[in-house]
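These protein sequences, in sequence, are chains D and G.
Just so we're aligned, residue 1 is where the first sequence starts under this note's numbering, counting upward by one.
Just so we're aligned, residue 552 is where the second sequence starts under this note's numbering, counting upward by one.
Heads up, a few of these hints could be off.
Said to hold, decoys possible - In silico SDA-like links for lysine to any residue, alpha-carbon gap of 20 angstroms or less:
1. G:638 <-> D:203
2. D:410 <-> D:482
3. G:638 <-> D:198
4. D:219 <-> G:583
5. G:638 <-> D:59
6. G:638 <-> D:223
7. D:216 <-> G:647
8. D:204 <-> G:726
9. D:219 <-> G:609
10. G:638 <-> D:438
11. G:638 <-> D:206
12. D:204 <-> G:646
13. D:382 <-> D:337
14. D:383 <-> D:337
15. D:194 <-> G:647
16. D:204 <-> G:723
17. D:170 <-> D:488
18. D:418 <-> G:722
19. D:219 <-> G:643
20. D:337 <-> D:309
21. G:638 <-> D:192
22. D:204 <-> G:609
23. D:194 <-> G:638
24. D:219 <-> G:638
25. D:219 <-> G:645
26. D:216 <-> G:633
27. D:219 <-> G:649
28. D:194 <-> D:132
29. D:219 <-> G:633
30. D:491 <-> D:477
31. G:638 <-> D:488
32. G:638 <-> D:170
33. D:373 <-> D:409
34. D:491 <-> D:58
35. G:638 <-> D:373
36. D:204 <-> G:583
Stated by the list, open to error - On the chain G side, residues computed to face chain D include the following (Cβ under 8 angstroms):
37. 586
38. 705
39. 752
40. 812
No lab work stands behind these hints: they were computed from the structure.
As the structure is a prediction and not an experimental result, all values here were calculated from the model.
Don't be surprised by glycine CBs; every beta carbon is placed ideally from N, CA and C.
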Amino acid sequence: MHAPRTALAVTVLSTLLTLSACSSGGGSTSSSPQKPKLTTTTPAASGALDEVTWNLPLGEPTTLDPAKVGDYSPSTVVSNLCDPLLRLKADYSVAPGLATSWKRPDPKTLVLELRDDVTFWNGHPMTAKDVVAGLERQRNPATQSVNTQVLSTVSTITATGDHQVTVRFKTPDELFLKYLVNGFGAVSEAAYVKKAGAAYGTAKGGLMCTGPFELKSWKSGESLTAVRNDAYWDTALRPKAAELTFKFITDASTLTSALLSGQIDGSYEIPSTVAKALRSSDAGTLYYGPSAQTVFVSPTGPDSPLADPRITQALSLVLDRDALVRNVFDGAARKEKTFIPSLVWKTGEASDVYDKGYDALPAVPDADVARAKKLVAQAAPKKRTVTVAMGAGDQQSLQILTFLQAGAKKIGLSIVIKQLQPTQMSGLFYDASLREGLDATMALGYVEIPDPLSYAEMFTSPASPMNWTRYDNAEVTSLLTQARAALDPEKSAELFTRAQALYTEDLAIVPIAVPYERMFLNKRLSGAPASFAYINMPWAAQLGGTGEGTS
Amino acid sequence: MIGRFVARRAAMLVATALVASVAVYGALFIAPGDPATLLIGGGKPPSPQLLAEIHRQYHLDDPFLQGYLRWLGGMLHGDAGQSLTYKDSVTHLVTERIGNTAFLVAYAAVLIIVPGVTLGTVAALRGGFGDTLVTVVTTALMAVPTFVMSVVLIWWLSVQWDWLPAYGAGEGFTGRLEHLTLPALALATAWLAYVAQVTRSAVRAELASEHVETAWARGVPERFVVRKHVLRNAAGPLFSVSGVAVAGLIAGCSIVEQAFGINGIGALLVQSAAKQDLAVVQALALITVVVFVVVNTLVDVVTAALDHRVSLEGTA
Numbered sequence: 001m002h003a004p005r006t007a008l009a010v011t012v013l014s015t016l017l018t019l020s021a022c023s024s025g026g027g028s029t030s031s032s033p034q035k036p037k038l039t040t041t042t043p044a045a046s047g048a049l050d051e052v053t054w055n056l057p058l059g060e061p062t063t064l065d066p067a068k069v070g071d072y073s074p075s076t077v078v079s080n081l082c083d084p085l086l087r088l089k090a091d092y093s094v095a096p097g098l099a100t101s102w103k104r105p106d107p108k109t110l111v112l113e114l115r116d117d118v119t120f121w122n123g124h125p126m127t128a129k130d131v132v133a134g135l136e137r138q139r140n141p142a143t144q145s146v147n148t149q150v151l152s153t154v155s156t157i158t159a160t161g162d163h164q165v166t167v168r169f170k171t172p173d174e175l176f177l178k179y180l181v182n183g184f185g186a187v188s189e190a191a192y193v194k195k196a197g198a199a200y201g202t203a204k205g206g207l208m209c210t211g212p213f214e215l216k217s218w219k220s221g222e223s224l225t226a227v228r229n230d231a232y233w234d235t236a237l238r239p240k241a242a243e244l245t246f247k248f249i250t251d252a253s254t255l256t257s258a259l260l261s262g263q264i265d266g267s268y269e270i271p272s273t274v275a276k277a278l279r280s281s282d283a284g285t286l287y288y289g290p291s292a293q294t295v296f297v298s299p300t301g302p303d304s305p306l307a308d309p310r311i312t313q314a315l316s317l318v319l320d321r322d323a324l325v326r327n328v329f330d331g332a333a334r335k336e337k338t339f340i341p342s343l344v345w346k347t348g349e350a351s352d353v354y355d356k357g358y359d360a361l362p363a364v365p366d367a368d369v370a371r372a373k374k375l376v377a378q379a380a381p382k383k384r385t386v387t388v389a390m391g392a393g394d395q396q397s398l399q400i401l402t403f404l405q406a407g408a409k410k411i412g413l414s415i416v417i418k419q420l421q422p423t424q425m426s427g428l429f430y431d432a433s434l435r436e437g438l439d440a441t442m443a444l445g446y447v448e449i450p451d452p453l454s455y456a457e458m459f460t461s462p463a464s465p466m467n468w469t470r471y472d473n474a475e476v477t478s479l480l481t482q483a484r485a486a487l488d489p490e491k492s493a494e495l496f497t498r499a500q501a502l503y504t505e506d507l508a509i510v511p512i513a514v515p516y517e518r519m520f521l522n523k524r525l526s527g528a529p530a531s532f533a534y535i536n537m538p539w540a541a542q543l544g545g546t547g548e549g550t551s
Numbered sequence: 552m553i554g555r556f557v558a559r560r561a562a563m564l565v566a567t568a569l570v571a572s573v574a575v576y577g578a579l580f581i582a583p584g585d586p587a588t589l590l591i592g593g594g595k596p597p598s599p600q601l602l603a604e605i606h607r608q609y610h611l612d613d614p615f616l617q618g619y620l621r622w623l624g625g626m627l628h629g630d631a632g633q634s635l636t637y638k639d640s641v642t643h644l645v646t647e648r649i650g651n652t653a654f655l656v657a658y659a660a661v662l663i664i665v666p667g668v669t670l671g672t673v674a675a676l677r678g679g680f681g682d683t684l685v686t687v688v689t690t691a692l693m694a695v696p697t698f699v700m701s702v703v704l705i706w707w708l709s710v711q712w713d714w715l716p717a718y719g720a721g722e723g724f725t726g727r728l729e730h731l732t733l734p735a736l737a738l739a740t741a742w743l744a745y746v747a748q749v750t751r752s753a754v755r756a757e758l759a760s761e762h763v764e765t766a767w768a769r770g771v772p773e774r775f776v777v778r779k780h781v782l783r784n785a786a787g788p789l790f791s792v793s794g795v796a797v798a799g800l801i802a803g804c805s806i807v808e809q810a811f812g813i814n815g816i817g818a819l820l821v822q823s824a825a826k827q828d829l830a831v832v833q834a835l836a837l838i839t840v841v842v843f844v845v846v847n848t849l850v851d852v853v854t855a856a857l858d859h860r861v862s863l864e865g866t867a
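So that you can see chain D by itself, here it is in the shape it has in the complex (with noise of 0.2 angstroms):
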């Protein structure tokens, strides 16, 4: 039977539609931009809006309980929905949420004072119950809560007056707090949680927060809705757009056409390949912000050639990050020294201190074929063909493995690079007998908090599940556990530059290049944060309309 060739083109679709978005915006033909202007916020706007449109290039999220969000899509949601107890703003540092203030009357009790003007969705009160609550729950296994391991350090959580709450530790914690701007510290009202069960943050069982929008509707596949919370307690942050849907267009060519059409307003984590069509666009303007995003490769295994240091700096020096750079990211990156993007402190509190530790580092070596050439022959690697895992049709790690491939012929180094399915690829950081076969793979995250802690003993703390290489430098370790324990933020910072100094020079792992944050609106509105804190600040009711364009 001659049916055409439908089902086998399945595989290639995303990657041959990804590649076709270059010529279909018209805007092939301008240069890339070398340094583009970064900008952490974005005009204010003036006018009101009816309705907005956003895109989550990512897909539809799985959930909105805020305890269970844990990635781009959900996240960007959540944010305008449930107020989290403290607040991330677009430059990366904390301010007051729902909680006005907190204390340390001892090193092992924090007090959060919460705010006693803030209402539900519903007009119930919000009070120290539902946030004990919301964390107690996420204590329990049955619930699934991404944050459970943040809860690591409690004892205990009560409520010490009716707009106050009391957490106890066993000992002392710098980062808890510091979790509370997320979904982590999300408050929800209780006993509306309780009756959702299981349901709470589906389409099904809905949510009840206390943020400047509420869900209205979720239609799986087609479309989510919120719509202005009129009573929102914070009056600076009262939206001005009525109604916010967002759409899933996860195919870069859909997204490309459905922003130049003006059929989508808007969008974060803009794609390579779009941001090329969009660039020349005059249906609105792309942004780029700052971002605590990360590209880096990490060996899979202590037996992958990759393990050894010396391996990865010879990688290190024969990669030709400018060049990477500017094709890969369409210039939209920078190379750091190190893979913990320098956002997440830049702002904070002991910032001079991280600031200070940063500038001690080696620089970003410049490419040097025979110093590389000296490293692999020290390190005599048995094997010299290197297998690196990337997730199937993602453009980006294809274009990024394809420089590094380059790079490591000239020093004898192999590169296979090896697709995989997405259940696969996000598998592998979990489970060891996904990694079998493999030595390195392609690592795209993100640092949430503002605060590189966590994210160094992710990958240095022999007890962490993604310290793959069995990576044990004691002094690191602890090191980095004083930090944890130090609550002067100067005393915390000061421990962990020490720690990353030293495992900055020992520790496996090739740092690609920090992307920025992409944004596209449409010239009909602005306002938004073009920094990639929005994945935790509610971004959406700071858009407001320019009075320009009416698509």
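Following the hints, complete the assembly by docking chain G onto the known chain D.
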């Protein structure tokens, strides 16, 4: 006779569906990867306990037979199961989307059959330059894969000219008609060419047959010869190929729905297969099998009714 034929087809359908369900279940079972890990995502340090909890709640660690029998038992009780990624019942997921897909397939079928048959007939009857043109154009179109057609149509009619929306399914009849025109065109093109070519050769064959030549020779009016002798006898192969085309559209939907961001079961299938969402993939595979068999059965019955020389006994 027709009763026995349908009964035999129904039994075959059940057997095919069972084999397909074992195959799909088995394929997803041995595919490497852990669907639960997709639920955790991005910015969080991994937690093995959380993963174990998801595995427990969704029975992801069950052995093959136990898992399959659990699913089959649910199916027999009318419960298609729960989606792992959508956290919703499969029945609900499918019923919400099937309207869009049915509309798209029906629309594309009309776009294939009406112009396909017309063009093919005209080309065969008129011959000459028209014939060459139809043959060249349809052969070229047949070579254009659906996903390329999708991109071309979006770029041309949506972005450049802003005539039709670039994505989405729309609401209500007119909304859908507007939104699904481009996807239906993209879906129809390759098949349209195919139907046109088959029509052309079927009509050509009839034109050269003895009874048509006899009719010409006897001076029967052209209109009458074409309608009674040519088209009627060419209808058999036309109908078969149109049936195959419609069944093929159901498979082709996945690509077009993804490209145009249409919330239909084709897009659902692609997304669920990538996420190893077993219950959803199973249900959609079964629906496809059932529709395919039913369409083919209908085609056989109608072909037999059109041409009494075709026996239903032989086609089963």
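To see whether the hints hold, each was checked on the structure:
no.: 1; hint: G:638 <-> D:203; in the structure: holds (9 angstroms)
no.: 2; hint: D:410 <-> D:482; in the structure: violated (42 angstroms)
no.: 3; hint: G:638 <-> D:198; in the structure: holds (10 angstroms)
no.: 4; hint: D:219 <-> G:583; in the structure: violated (31 angstroms)
no.: 5; hint: G:638 <-> D:59; in the structure: holds (15 angstroms)
no.: 6; hint: G:638 <-> D:223; in the structure: holds (16 angstroms)
no.: 7; hint: D:216 <-> G:647; in the structure: holds (18 angstroms)
no.: 8; hint: D:204 <-> G:726; in the structure: violated (26 angstroms)
no.: 9; hint: D:219 <-> G:609; in the structure: violated (23 angstroms)
no.: 10; hint: G:638 <-> D:438; in the structure: violated (32 angstroms)
no.: 11; hint: G:638 <-> D:206; in the structure: holds (13 angstroms)
no.: 12; hint: D:204 <-> G:646; in the structure: holds (15 angstroms)
no.: 13; hint: D:382 <-> D:337; in the structure: violated (29 angstroms)
no.: 14; hint: D:383 <-> D:337; in the structure: violated (28 angstroms)
no.: 15; hint: D:194 <-> G:647; in the structure: violated (28 angstroms)
no.: 16; hint: D:204 <-> G:723; in the structure: violated (24 angstroms)
no.: 17; hint: D:170 <-> D:488; in the structure: holds (18 angstroms)
no.: 18; hint: D:418 <-> G:722; in the structure: violated (42 angstroms)
no.: 19; hint: D:219 <-> G:643; in the structure: holds (11 angstroms)
no.: 20; hint: D:337 <-> D:309; in the structure: holds (15 angstroms)
no.: 21; hint: G:638 <-> D:192; in the structure: holds (19 angstroms)
no.: 22; hint: D:204 <-> G:609; in the structure: holds (19 angstroms)
no.: 23; hint: D:194 <-> G:638; in the structure: holds (18 angstroms)
no.: 24; hint: D:219 <-> G:638; in the structure: holds (13 angstroms)
no.: 25; hint: D:219 <-> G:645; in the structure: holds (12 angstroms)
no.: 26; hint: D:216 <-> G:633; in the structure: violated (23 angstroms)
no.: 27; hint: D:219 <-> G:649; in the structure: holds (14 angstroms)
no.: 28; hint: D:194 <-> D:132; in the structure: holds (13 angstroms)
no.: 29; hint: D:219 <-> G:633; in the structure: holds (17 angstroms)
no.: 30; hint: D:491 <-> D:477; in the structure: holds (16 angstroms)
no.: 31; hint: G:638 <-> D:488; in the structure: violated (43 angstroms)
no.: 32; hint: G:638 <-> D:170; in the structure: violated (36 angstroms)
no.: 33; hint: D:373 <-> D:409; in the structure: holds (11 angstroms)
no.: 34; hint: D:491 <-> D:58; in the structure: violated (38 angstroms)
no.: 35; hint: G:638 <-> D:373; in the structure: violated (52 angstroms)
no.: 36; hint: D:204 <-> G:583; in the structure: violated (31 angstroms)
no.: 37; hint: 586; in the structure: holds (5 angstroms)
no.: 38; hint: 705; in the structure: holds (5 angstroms)
no.: 39; hint: 752; in the structure: violated (13 angstroms)
no.: 40; hint: 812; in the structure: holds (5 angstroms)
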